[in-house]
Amino acid sequence: MTLNQLKPPVIEPAVPSYFPHWRRRVYAIIGLLIAAVVVMAFATTIGSVQVPFFTTWRILFSRLPFVDIAPTWQSTIETIILQIRLPRVILAGLVGAALATAGATYQGLFRNPLADPYLIGAAQGASLGAVIGFLLPLQWQVMGFGIIPVLAFTGALLSVAIVYILARVGKTVPVTTLILAGVALGALWGSIVSYLTITSGEKLHGIMFWLMGSFSLSAWPEVMVVLPYMVIGVVVILLYSRSLNVMQLDEEQAKQLGIDVEKVKLILLAAATLITAAAVSFVGIIGFVGIIIPHAVRLIWGPDHRFLLPLCVLTGAIFLVLADLIARTALAPTEIPIGVITAICGVPFFLYLLRRRKRAVFF
Amino acid sequence: MIKLEVQNITLAYDRNIVIRDLTFQVTPGEMVGLIGPNGSGKSTIIKAMSRVIHPYSGKILLNGKNIAQIPREELARLLGVVPQMPLLPSAFTAFEIVLMGRNPHLRLFQYEGEKDLNITWQAMGQTATQPLAERRIGELSGGEIQRIVIARVLAQEPKSILLDEPTANLDISHQIEILDLIKNLCLENNLPVVIALHDLNLASQYCDRLILLNNGQVHSQGTPSEVINPQNIKEVYGAEGCVYAHPVNGLPTVLLKAGSRRPAKPA
Amino acid sequence: MKNKMCLVSVFGLVSALILSLLASCQAPAEEVAPSPIEVTDQVGRVVRLEKVPEKIISLTPSNTEILFALGLGDKVVGVTQYCNYPPEAQDKPKIGGFSATEIDVSVEQIVAIAPDLILASETHQKEVIPKLEQLIPGAAVLVLKTQTESFDVVFEAINLVGKCTGTEDKATQLVTSMKKQIKAITDKTDKLSDSERPRVLYIVWHDPIFAIGGGTLGNTLIEAAGGVNIFKEQIGAPIVDLETIIARNPQVILGSAAVGAGADLPYQFALHEERLKVVNARINNRVYGVNDDLTGRPGPRIVEALELLAKLIHPELFK
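Residue numbers (this note's numbering), protein chains in the order written: chain W, 2 to 364; chain F, 2 to 268; chain E, -19 to 299.
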């Protein structure tokens, strides 16, 4: 047998038409970025108190450097726009982005469409920390914040760390063990939280509202604290997007393609948990964002994490800003807990996803 | 040009020893086939050689260096693996999967460039999977998926290739096409290739050397003519009178006949 | 012969009967009401007592205060853990907590105590009262409204308790004195025009912000003290947002400041929250801490509450 007999015909290589495919997604990212800014600005113009549309814009612009607009509005209106609404809208955006990105990361790491940022105990740990903070008769202030956010943050991180350590088998942390340990420990914390809540007496209302999630007292200090965690976490996750793509193959294949699976797992878990903890510690447990948004983005723009993750950041931000807008204006001046709004949006979406099972859209 | 060596490895899952004290080498440009009955440890050897499992004892060397000491990224540039039943995420397109083969050549935060896209496209051309490029994995058949994984290994541009039953789900024309391709790569680029096959005829036609495994040990090693003979087949597979000579090239060919199996002798 | 004996025995029986009736009629105790007692409580239930109760249990702090104000402290054999006034009430056995559910009211303990009278609130109707009626049929359960905005309901409650416990005189006295003290204030405040009434905000929690709205005792107290509640269109204790508070610009802010560590967080919030500094009440330093126990309990201390609020809201009228 000669070499020539063996040679299969080689098709002339032609550059595949993949670049437009990618270009579309890059445009989508740019478009959503602009949309996010616009949505946040509009959300600042709407609230339970009627502020004339253009007054809001003038107030916002007056804060830009080099712009000089003489104030024609009362200081109370300025306080409302700049000290109440603007930080709240920005915080809603940050939290939405954090939860959506963490959700997409968890779904990618666990290769499971039901994963969300709370899968391995971050929410339950945060809740436990917060409830302990409520019940302790201490008045400490940490950096100007009460102990509740600090304890919630610590609770979330500690809980996931414990789960990670428990799930270690030799040098590896198998994904199924992580899930099992996370669910088990989460249930444990959850039951302690329930018990403490029931016996909390007059603090019951405060605790229940924290657990349901609310942006009601968001102010600039909270934004300033959450922002660095968010930025660091999201940047790290985005850098590993290509690795996360390869990890969608089973772990064996990913290793054979040169991915240090355990290291990537640890880094991504840590980053995603960090941003989740930062998000929930000030705002409470907001559900559905971390699971709906990644699926919605995947349905529209596909599973490639290099686009999925940035799109989740932006879509999550827009979604939660709009949800919060409804929460604070639908029954003004009363506020609906934001978890209720996201659930109302989430349930029909889930049902819709269930009906679409025909196409393989998840993993 | 690299050389693969397996030195006295014993492979076990927990307490079950699967392979006992195995030694063999593969030189560049050589295609070595691992054959043997089901459960004889062929896949296990491939897994050990690709560092998915660790040998209980013994060493596996790549150019004299223990693979356990080679960083994974570097190992992925040297060694490409086609696993037996690869799980692929069903929502990705075929092109995206093959593109993942470029991972070892990209730095951690680097994205694929035009060169990578070209190599991917060419690899898909060689495996006749270009028409499948935009299709999602979930829609493809087992055979198509297998060819895509092979394309991925081609895109990986490794210096040696391990294949675990790469033709299991393929029809005859694709079987020949793929094996021709592998053989061609092996010869042209001087790659050492280890291929686990259960089809004895394919092994006989394509491999330069065969290693026949039975009960965790090497039953016989050598050229196809040396290894696939009536006595070995009878001892290992318990089938009598099946080995013939190929009418065109004289290589040993196994033709089945109903009722030709005798219970295998206990080892 | 037979007829005569019949007549004698019948006459004997009848006179014996009459004599025993006369004897029993001479009830010597001063404050014993004619038994049996029958009243209709504040949710329309008919309550019957065979005799003056000796062992009384209260399931709400306001009812406890009423009992002690009527001098019935000795007869109280069970209170909730939140019954903190008067101080003697804190020494009584605790049989319940905060909520009106079975978890929080120890029905077992109540059964063990075997009271004659139980003072409950309308929130206990769903779960606790049916259980009590089933397990202690001998006890009378008097339901008094705790979610009320009207002073008259409070007066009625005091009178009802008086009736059931044989302390009607004391009750009438108490109510009369309360009405008089209240009138002393409302005489002045009723005359105030809308512009003379300061805008008042009363918050009972800070995160989220719970304000006292309309249809509550707190609201009635604010109005009677000469203020106007900025959230009176919202019924109950609504959650409100900071924006609306700033927009409505209250001139007086009352924040919950009960006794105990951390219990004055609403007051602290009103006093120190940065973004409230543009509000009138903060500019003029009219932020005050108020004990919720006073303003939230429909009991004898609403007078104290009203006097306190009147002094805070109209210092120029009430010294």
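Quick caveat, the hints were computed from the structure, so don't treat them as lab data.
For glycine and all other residues, C-beta sits at the position ideal for the given N, C-alpha and C.
There could be a bad hint or two in this list.
[Claimed, not checked] Below are the EDC-like pairs computed for lysine to aspartate or glutamate, each with C-alpha atoms no more than 20 Å apart in a straight line:
hint: 1; chain 1: E; residue 1: K212; chain 2: E; residue 2: D170
hint: 2; chain 1: E; residue 1: K31; chain 2: E; residue 2: D54
hint: 3; chain 1: E; residue 1: K160; chain 2: E; residue 2: D170
hint: 4; chain 1: W; residue 1: K172; chain 2: F; residue 2: E236
hint: 5; chain 1: W; residue 1: K264; chain 2: F; residue 2: D15
hint: 6; chain 1: W; residue 1: K172; chain 2: F; residue 2: D172
hint: 7; chain 1: E; residue 1: K35; chain 2: E; residue 2: D54
hint: 8; chain 1: W; residue 1: K204; chain 2: E; residue 2: D54
hint: 9; chain 1: W; residue 1: K264; chain 2: F; residue 2: E75
hint: 10; chain 1: W; residue 1: K204; chain 2: E; residue 2: D273
[Said to hold, decoys possible] Covered stretches of chain E (chain W as the covering partner; in silico rule of three or more C-beta atoms under 8 Å from a C-beta of chain W):
hint: 11; region: 164 to 178
hint: 12; region: 187 to 197
Holds or violated: K204/W to D273/E, with C-alpha atoms at most 20 Å apart = holds (15 Å)
Does the structure keep K35/E and D54/E at a Cα separation of 20 Å or less?
-> holds (9 Å)
Do the alpha carbons of K172/W and D172/F lie within 20 Å of each other, as the hint requires?
-> The hint is violated at about 41 Å.
Quick one, are K212/E and D170/E close enough, alpha carbons at most 20 Å?
-> Holds - the C-alpha atoms of D170/E and K212/E are around 18 Å apart, at most 20 Å.
Apply the coverage criterion to the region 164 to 178 of chain E and chain W: a residue qualifies when its Cβ sits closer than 8 Å to a Cβ of the chain, and three qualifying residues are needed.
-> violated (count 0)
Does D54/E lie within 20 Å of K31/E when you go C-alpha to C-alpha?
-> holds (17 Å)
Given the proposed pairing of K172/W with E236/F, does the C-alpha separation stay at or below 20 Å?
-> With Cα atoms ~42 Å apart, K172/W and E236/F exceed 20 Å; violated.
20 Å limit on alpha-carbon distance, applied to hinted pair K160/E and D170/E | holds (15 Å)
Satisfaction of hint between D54/E and K204/W, Cα-Cα up to 20 Å | violated (32 Å)
Three-residue Cβ test at 8 Å for the coverage of the region 187 to 197 of chain E by chain W | That given contact holds, which follows from 4 residues of the region 187 to 197 of chain E lying within Cβ reach (below 8 Å) of chain W.
Given pair status - E75/F, K264/W, alpha carbons within 20 Å | holds (16 Å)
Quickly compare the C-alpha distance for K264/W and D15/F to 20 Å and report which way the hint goes.
-> violated (25 Å)
Of the numbered hints stated above, those contradicted by the structure are hints 4, 5, 6, 8 and 11, listed in ascending order.
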